[in-house]
Amino acid sequence: MAADMLTVGLSGAKVARGALEITANNIANASTEGYVRRSAVASEVSASSIAMRPGDISLSGARISAIHRNADMFRQAEVRRTSSDSARAAAELNGLENIESAVEGARVYDLLVDFEASLSELAADPTDPSLRAAVMSAASNMAGSFRIANDSLDAAAKGLQFEADGEVEELNVMTGELARINLRIGRTAEGTSERATLLDQRDGLLEKLSNKVDLQTTFNAIGQVEVRAGGASGELIVQGGSTFALGTTTAADGTLTFDVGGTAVALNGGSLAGKALGLQAIADTRSSLDTLANDIMSTVNTAQGNGAALDGSGGQPLFAGTGAGDMRLAFTNGDGLATAPSGSAAGSTDASNLVALRSAFENNGHAQGVSNLVFSVSAQVAGKKVTSEALDAISSSARIALEQQSGVDLDQEAANLVRFQQAFQASSRVMQVASDIFDTLLGIR
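Going by UniProt numbering, the letters in the sequence shown line up with residues 1 to 445, in that order.
All the pointers check out, no bait thrown in.
Ranges of calculated distance between the beta carbons of each label pair, as one might list FRET restraints: (1) Thr322 to Asp284: 14 to 20 Å; (2) Ala264 to Ser31: 38 to 44 Å; (3) Lys14 to Phe74: 31 to 37 Å; (4) Gln316 to Ile394: 56 to 62 Å; (5) Ser435 to Ala189: 30 to 36 Å; (6) Ala390 to Asn29: 30 to 36 Å; (7) Arg429 to Glu170: 52 to 58 Å; (8) Ser376 to Phe162: 25 to 31 Å; (9) Asp253 to Ala379: 21 to 27 Å.
It should be emphasised that the hints constitute simulated quantities derived from the structure, not laboratory data. No residue lacks a Cβ here, since even glycine has one placed at the ideal position from N, Cα and C.
The whole structure should be built from the sequences, with the hints applied where relevant.
Structural data, given as structure tokens:
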């Protein structure tokens, strides 16, 4: 009986000591990112009685059978999903803000209005050299604003492309590390501290990956994970100890597509999807800007061709180039402005061709077109800000719910310290009683 008590007490002390160590580890890692609270799983040690003596008492105490991670896979999946959505919206918003900055910063609308105003002033005295010079200056400024806007869009696109390439490299490095963790999980015993640490690392990598792409994860019985990029219908990027690299292709218009081993992948979440959406928006804006620039140049050059310059010669195109990035003046002398109708004598004060140009500008709605473009971009930015803030709030709520369930509560751990300390002291007392009984038995004559 005393021997049984000593064994039971010793086992209880070991369980209490192990629980104290796990509690201490929880406290030490309370601020460690990705750490999931752990607890000791104790179980009774079964022992059979001696053969042919079934009436004997045979007690063997307890042992720590496993270390439990207080992780909720559903909540973890929600954090990954909502983080992916939030990251996509934030990256897309950043791209749209770059577009807004490019278009508004170049002052395309303001300088187009200034050009129209200079034409109106010239109509009052079409032969005035200072007014003609003012028109040329306004035309040059307007063309420059289109070029600046185009260059700013190009810079924004290159920035997003550079960031996307960097994130793809990071993602492929992380998938390699995740595959190595899969292999290590397969070599560690279930319920051990090492396994718990590996599972924490696995979950941390999955969350980081979900910030870049939308994932579909499948876990096997021992905790190894299979990962697809692009959701359930996407391509495998991690399978056991193997990885499949994500690649990118940049089209002529600057837009971005993704593939795994040459198979196209449609990303719907994560910052890479947001950057792809931002690049598409930049390409669309650049196309609209090119169309506006070409329409303006066509309107002005057509009017020039229908009129006569100050010296009576036929009007020549005022603008050269194709698209916003190539828009420039074809000549710089204000005398070349064809304000008079074709066939007019030199020095003509007939401004009917200039009137026709102003009318064409108004009828074609060039200023309204630029205004609509600026307004459209601003409206997209405002709308995406609301969406981004909402998705960020949802992501934060999911993370809070996970942390409440799997995070370390210092008050609870402090209570556990007292509880396990008392259990250790009680088990020690059991061993002391067993020792006293031994001493008593040995003292009997």
